[in-house]
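**Student:** Given only the sequences and the hints, what does the whole structure look like? Please build it.
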Amino acid sequence: MINIEGLCVISGGFKLSDINLRVERGEHVALMGRTGQGKTTILEAICGLRAIAGGRIIMGNKDITHQPPAERGIGYVPQDLALFSTKTVRAHLEFALKLRGWDKQRRQARGEEVATWLGIERLLDRRVTTLSGGEAQRTAMGRALSFEPDVLLLDEPMSALDDTTRKELHAVIRTVRERTKVTTLHVTHNQSEAAALADRVLVLNSEGIQPFNSSPP
Amino acid sequence: MLSAGDKAFRGSLIILGGSYVLLVLALLVADIAYCSAEHLKGLFFKREIQFAAWLTLKTCTLAAILSILVGIPLGYILSRMRFPLRWLVDALVDIPVVLPPLVVGLSLLILFNQPIVGETRLEQWLQDNFHAKVTYGELGVILAQFSVAAAFAVRTMRVTFDQITPRAEQVALTLGCSRLQAFYKVTLPEAWRGVVTAFTLAWARSLGEFGPIMVFAGATRMKTEVLSTTVFLELSVGSLESAVGVSLLMVAVAIIVLLILRGIGMEGRAT
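As they're listed, the protein sequences go chains A and B.
Numbered per the numbering used here, the first sequence spans residues 1 to 217.
Numbered per the numbering used here, the second sequence spans residues 218 to 488.
Hint data in this document are derived by calculation from the structure and do not stem from the laboratory.
Fair warning: this is a prediction, and the values are worked out from it, not measured in the lab.
We put the CB at the ideal spot given by N, CA and C, even for glycine.
Don't take each hint at face value.
What the hints assert, rightly or not - Just so you have them, the derived chain A footprint on chain B, three or more residues with Cβ under 8 Å: (1) 376-387; (2) 391-397; (3) 412-419.
**Tutor:** Shown next as structure tokens:
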């Protein structure tokens with residue numbers, strides 16, 4: 001589903017080079033590694049937020065290396081969530097659908113469906129500034145999943161959550177995966193989180209991306 | 218229970234901050250005490266004053282709208298984009314703020330009335346092609362107010378955009394937005410209070426503008442006279458009570474408009 005070949009990203013003094021990664025359709029892959037290695041940069045390059053200096057990114061059979069983010073159709077949940085502070089939970093879940101021209105009835109039905117999967121159906125009319133950490137996390141995930149993307153990128157989605165909320169979110173992510181079969185690349189620092197959710201765990205170090213066993217973080 | 222240190226801290230804050238509030242209040246009380254109610258009433262029914270008040274409201278509002286139209290894009294560019302000579306653009310924007318207001322008026326006068334191409338002057342060209350009289354006209358008042366007020370709007374909008382993380386805009390791009398859509402659907406709503414503040418500042422600055430208007434638009438009664446120039450005209454003919462009366466009218470207008478704008482700014486609507 002996602003195939004990265006010899007990816008090179010240069011940003012100021014930071015350089016990430018010769019990155020190779022393959023994620024199969026429907027697979028959930030966790031990417032671990034020390035802070036500052038470039039895990040977030042890889043996710044941003046995949047969703048089109050970073051200029052690519054070399055290599056290519058293939059999604060399905062399509063080369064998306066230089067495609068604008070809007071045309072890639074990738075769901076992205078950044079570490080800081082980046083919720084839209086003036087909007088309600090419902091507006092978040094319908095945001096991408098409105099852009100795609102869905103009519104109001106379809107948008108509402110889809111928004112409610114996604115909210116039910118994520119357990120935030122009672123929060124639909126709340127402003128996101130009033131949400132708890134776990135609720136905000138679910139909203140960000142719902143926004144990314146609402147338009148039925150083929151690929152979901154999660155950047156340390158549970159780093160700021162307590163253990164109980166984290167376990168609840170594990171269950172939510174499993175439910176979402178069962179229902180959508182979405183291909184997921186998930187950056188995390190947490191080994192148990194990676195083991196609980198991922199089909200495969202990889203690690204990014206100075207030699208590139210490798211299976212977790214051969215080079216622990 | 219406050220400790221002695223806390224009380225001293227609180228007390229010094231109140232004394233230092235309160236002294237300025239007291240000064241402003243004293244100024245207003247002095248003006249009110251100087252001007253009789255009878256005189257004020259007579260002043261408000263004077264045709265010239267009514268004209269100046271109406272022209273002030275009209276020109277300040279238009280100058281503030283123009284300032285916002287320029288302030289939003291320029292503030293956004295200075296906050297988010299990196300380009301050659303950005304520092305120069307940044308410094309240029311501040312020039313109307315640091316220049317003496319009279320110099321802004323003088324510069325406008327020269328710009329519009331100096332031959333630019335051959336013998337053609339900008340003022341003449343605008344009159345010939347658009348029947349627009351700028352120098353010593355209403356448009357001149359608006360342009361003089363805008364020239365200074367826009368700098369404040371740009372600064373305010375730049376700080377506003379600096380405080381809004383670009384991450385939300387980036388996520389909007391991944392959801393299907395073009396850059397323009399990400400701007401007006403995500404960033405602009407988040408900048409709403411900054412826009413209201415910038416508008417308020419630009420409006421208030423335009424209300425108090427005097428020097429550039431005098432030089433570039435003049436202070437002709439029933440033509441280009443705004444309240445700030447009325448104060449000058451009344452003073453220049455020795456009518457101190459009328460000058461104070463008009464000043465009080467300006468205070469009243471400013472308070473009403475600023476309260477309305479603050480009310481709008483406080484409104485936070487979820488979408």
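**Student:** Now look at each hint and say whether the structure bears it out.
**Tutor:** Verification of the hints:
Coverage of the stretch 376-387 of chain B by chain A holds. Counting CB-CB distances below 8 Å, 4 residues qualify, and the rule asks for three or more. Closer than 8 Å: that is the beta-carbon criterion, and the stretch 391-397 of chain B has 5 residues meeting it against chain A, so the requirement of 3 holds. Residue count for the stretch 412-419 of chain B with a Cβ under 8 Å from a Cβ of chain A: 0. That is fewer than the three needed, and the coverage hint is violated.
When held up to the earlier numbered hints, the structure conflicts with hint 3 and nothing else.
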